[in-house]
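Trainee: In terms of my numbering, the sequence shown opens at residue 2 and continues consecutively.
Rather than coming from a laboratory, the hints here were simulated on the basis of the structure.
Any given hint could be a false lead.
Within a straight-line C-alpha distance of at most 25 Å, the following computed PhoX-like cross-link-like pairs (lysine-lysine) qualify [claimed, not checked]:
1. Lys251 x Lys411
2. Lys402 x Lys271
3. Lys345 x Lys355
4. Lys345 x Lys320
5. Lys356 x Lys320
6. Lys356 x Lys475
7. Lys279 x Lys241
8. Lys175 x Lys163
9. Lys192 x Lys363
10. Lys241 x Lys355
11. Lys167 x Lys192
12. Lys67 x Lys8
13. Lys177 x Lys163
14. Lys430 x Lys402
15. Lys430 x Lys241
Per label pair, the in silico range of CB-to-CB distance [stated by the list, open to error]:
16. Leu384 x Asn191: 43 to 53 Å
17. Ile101 x Ile349: 43 to 53 Å
18. Glu342 x Ala310: 11 to 21 Å
19. Glu342 x Ile44: 54 to 64 Å
20. Ala310 x Ala174: 53 to 63 Å
21. Phe65 x Trp164: 12 to 22 Å
22. Asp268 x Thr290: 46 to 56 Å
23. Lys345 x Val300: 50 to 60 Å
24. Thr230 x Glu352: 50 to 60 Å
25. Tyr156 x Phe65: 41 to 51 Å
26. Asp486 x Phe65: 54 to 64 Å
27. Thr369 x Asp304: 39 to 49 Å
28. Ala184 x Leu384: 18 to 28 Å
29. Asp304 x Glu398: 25 to 35 Å
All residues carry an ideal CB built from backbone N, CA and C; glycine is no exception.
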Amino acid sequence: MKKRNEKLNWIHQLNVIITVLLVILIMAPLIYSNGFNQSIPYIIAGASVIVLSIINYFLNIPLFAKGLTFALVPALVTILLFYLDGYAINKHYIIFITFIMAAMYFNERLIATFLTAIICFYLVLYIAVPENLLGQNASLSSFITVFVIINGCNYMLYRLTKWGNKLVRDAQAKEKEANELLANLTSILNKIDGGSVQLAQNIAHVNENVHTLNIASETILQSSNQMATAIYSEAEMIQKINEQMISTHKNMLQTKQSSELTVKESDEVKNAVEQSWKQVHEVTSDMETLSESINLTTVTIDDMQESLANVNNLLNGIKAIAEQTNLLSLNASIEAARAGEHGKGFAIVAEEVKKLAEESAKIAANITGVTQQLLHRATTAQLKVYEGKDAVHSSVENLNKISMAFDGIKQSFNEIQRKLSDNMSTITKTSDMVGEAMNQIEDLSAISEENAAMTEEIATSIHEEHEMMKAIAKASKELEQLQNDLTAITKLQ
Numbered sequence: 002m003k004k005r006n007e008k009l010n011w012i013h014q015l016n017v018i019i020t021v022l023l024v025i026l027i028m029a030p031l032i033y034s035n036g037f038n039q040s041i042p043y044i045i046a047g048a049s050v051i052v053l054s055i056i057n058y059f060l061n062i063p064l065f066a067k068g069l070t071f072a073l074v075p076a077l078v079t080i081l082l083f084y085l086d087g088y089a090i091n092k093h094y095i096i097f098i099t100f101i102m103a104a105m106y107f108n109e110r111l112i113a114t115f116l117t118a119i120i121c122f123y124l125v126l127y128i129a130v131p132e133n134l135l136g137q138n139a140s141l142s143s144f145i146t147v148f149v150i151i152n153g154c155n156y157m158l159y160r161l162t163k164w165g166n167k168l169v170r171d172a173q174a175k176e177k178e179a180n181e182l183l184a185n186l187t188s189i190l191n192k193i194d195g196g197s198v199q200l201a202q203n204i205a206h207v208n209e210n211v212h213t214l215n216i217a218s219e220t221i222l223q224s225s226n227q228m229a230t231a232i233y234s235e236a237e238m239i240q241k242i243n244e245q246m247i248s249t250h251k252n253m254l255q256t257k258q259s260s261e262l263t264v265k266e267s268d269e270v271k272n273a274v275e276q277s278w279k280q281v282h283e284v285t286s287d288m289e290t291l292s293e294s295i296n297l298t299t300v301t302i303d304d305m306q307e308s309l310a311n312v313n314n315l316l317n318g319i320k321a322i323a324e325q326t327n328l329l330s331l332n333a334s335i336e337a338a339r340a341g342e343h344g345k346g347f348a349i350v351a352e353e354v355k356k357l358a359e360e361s362a363k364i365a366a367n368i369t370g371v372t373q374q375l376l377h378r379a380t381t382a383q384l385k386v387y388e389g390k391d392a393v394h395s396s397v398e399n400l401n402k403i404s405m406a407f408d409g410i411k412q413s414f415n416e417i418q419r420k421l422s423d424n425m426s427t428i429t430k431t432s433d434m435v436g437e438a439m440n441q442i443e444d445l446s447a448i449s450e451e452n453a454a455m456t457e458e459i460a461t462s463i464h465e466e467h468e469m470m471k472a473i474a475k476a477s478k479e480l481e482q483l484q485n486d487l488t489a490i491t492k493l494q
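Using the sequences provided together with the hints, build the complete structure.
Mentor: Here it is as structure tokens:
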């Protein structure tokens with residue numbers, strides 16, 4: 002609006018200047034031909050025209066009235082000079098110039114009104130004083146020729162003004178549409194910028210969870226190694242116990258076959274049984290330690306599954322943001338296409354945003370595949386750990402039974418020492434109990450070997466999960482770099 006007022010003010014000033022020049026062009030020949038004294042009325046009339054134009058410039062009246070006044074004042078003076086001073090070709094030129102003064106406002110109603118007034122003036126002059134309007138050749142054909150030429154030129158200016166106004170209105174409509182498209186593209190870029198901020202926050206959250214998973218994975222790896230060492234130690238101890246039980250069983254058979262030798266060697270057997278009893282208690286203690294380690298492992302694996310579930314949820318959020326970013330990029334491309342030449346830059350930006358969104362979705366899908374593998378392996382490890390936990394609990398129960406059996410053996414050997422000479426049945430019973438204990442130890446040995454194998458599988462799975470965690474961390478860094486590139490592109494616009 003301010004620019005339009007400045008342009009109108011410039012047209013007003015130009016019309017004032019043109020009016021002054023026209024007065025000078027009209028007055029100069031009159032003063033030259035009639036002399037200064039004879040031309041004083043003309044000079045007063047010219048000065049009055051200039052004053053009226055200046056007053057009109059400062060008056061706060063509608064644009065139609067102001068423009069019509071600027072054009073009519075010199076036109077009326079020229080028509081009056083036709084009537085008073087006679088014919089002159091330059092007066093027709095001045096009339097044409099006044100029409101241009103009216104046409105500069107690009108107001109169709111103003112130009113039509115002024116054209117109608119000029120037509121009336123010409124008709125009145127031709128009827129009243131045809132020689133003053135056309136000179137000596139004041140025939141009707143000459144008037145029609147001059148009338149058609151003057152008004153034809155003026156009509157063409159009118160049509161030109163009308164077409165120019167239409168072009169201006171079309172240009173203004175295009176400018177408004179372009180501004181709306183620009184506003185839409187700016188809004189889309191702002192949304193993309195907000196989405197990149199949300200994406201950065203989700204990436205940070207993923208990085209935190211990945212770091213937590215790395216720590217948990219290392220803890221599980223260490224625990225599994227400790228558990229494997231404990232299980233191997235348990236197997237060695239059980240093997241020693243088995244060997245000692247075999248030796249004890251042989252001693253019991255020898256005792257049964259030869260009571261006298263058994264009596265003599267009962268002290269050695271008793272010492273061997275006590276040593277085995279101590280070892281059984283040591284194994285029981287080690288099994289309790291192993292049970293605690295397995296419990297810790299199960300808790301850690303459960304935490305890892307929850308963390309993987311959180312990672313999957315965050316990756317789903319990243320996928321949703323990538324899909325929204327892709328949709329916003331498509332909207333931006335559509336809006337840029339509608340903007341034509343004005344939207345080429347935004348079309349390029351939209352294409353880059355679309356590529357970044359597709360790459361973000363691809364990386365998020367890869368990370369989701371890795372986390373699904375991790376979740377599957379964690380579930381397998383969890384099942385194995387729970388099986389190991391049940392086996393350890395069963396082993397503890399068996400060791401408690403063995404411990405109770407060794408207590409019975411000790412009691413039996415005490416009874417043997419007191420009543421060996423007349424109670425061989427007790428030795429037979431003790432031999433049976435030792436045989437049962439050997440069977441239990443063999444079962445315990447098999448369970449221990451199975452636990453060792455499962456522990457090795459768990460350690461291998463945890464190592465693979467640890468490597469996958471590193472891959473997730475690397476992919477997360479790549480995703481963060483893509484987010485930074487997206488933020489940089491939006492800031493460029």
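Trainee: Keeping to a limit of 25 Å between CA atoms, is the pair of Lys402 and Lys271 held or broken?
Mentor: holds (19 Å)
Trainee: Does the Cβ distance between Phe65 and Trp164 fall inside 12 to 22 Å?
Mentor: holds (20 Å)
Trainee: Regarding Glu342 and Ile44, is the given constraint of 54 to 64 Å on their beta-carbon distance met?
Mentor: Taking Cβ atoms as reference, Glu342 and Ile44 lie about 57 Å apart, which means the hint holds.
Trainee: Between Asp486 and Phe65, does the C-beta distance stay in 54 to 64 Å?
Mentor: holds (58 Å)
Trainee: For the pair supplied as a hint, Lys279 and Lys241, is the alpha-carbon distance within the 25 Å limit?
Mentor: holds (12 Å)
Trainee: Run the distance test for Lys345 versus Lys355: straight-line Cα separation, threshold 25 Å.
Mentor: holds (15 Å)
Trainee: Between Ala184 and Leu384, does the beta-carbon spacing fit 18 to 28 Å?
Mentor: Taking Cβ atoms as reference, Ala184 and Leu384 lie about 58 Å apart, which means the hint is violated.
Trainee: Take the C-alpha atoms of Lys192 and Lys363, compute the straight-line distance between them, and say whether it is at most 25 Å.
Mentor: holds (21 Å)
Trainee: Are Ile101 and Ile349 spaced within 43 to 53 Å by their CB atoms?
Mentor: Given range 43 to 53 Å: holds, Cβ gap about 46 Å.
Trainee: Could you check the hint for me, namely that Thr369 and Asp304 are 39 to 49 Å apart, CB to CB?
Mentor: Roughly 20 Å apart at Cβ, these two residues miss the hinted range, so it is violated.
Trainee: Okay, Thr230 versus Glu352 on CB: inside 50 to 60 Å?
Mentor: For Glu352 against Thr230, whose Cβ atoms are near 58 Å apart, the range 50 to 60 Å holds.
Trainee: Honestly, do Ala310 and Ala174 meet the 53 to 63 Å range at C-beta?
Mentor: holds (55 Å)
In the structure shown, a violation is registered for the earlier hints numbered 4, 10, 11, 18, 22, 25, 27, 28, in ascending order.
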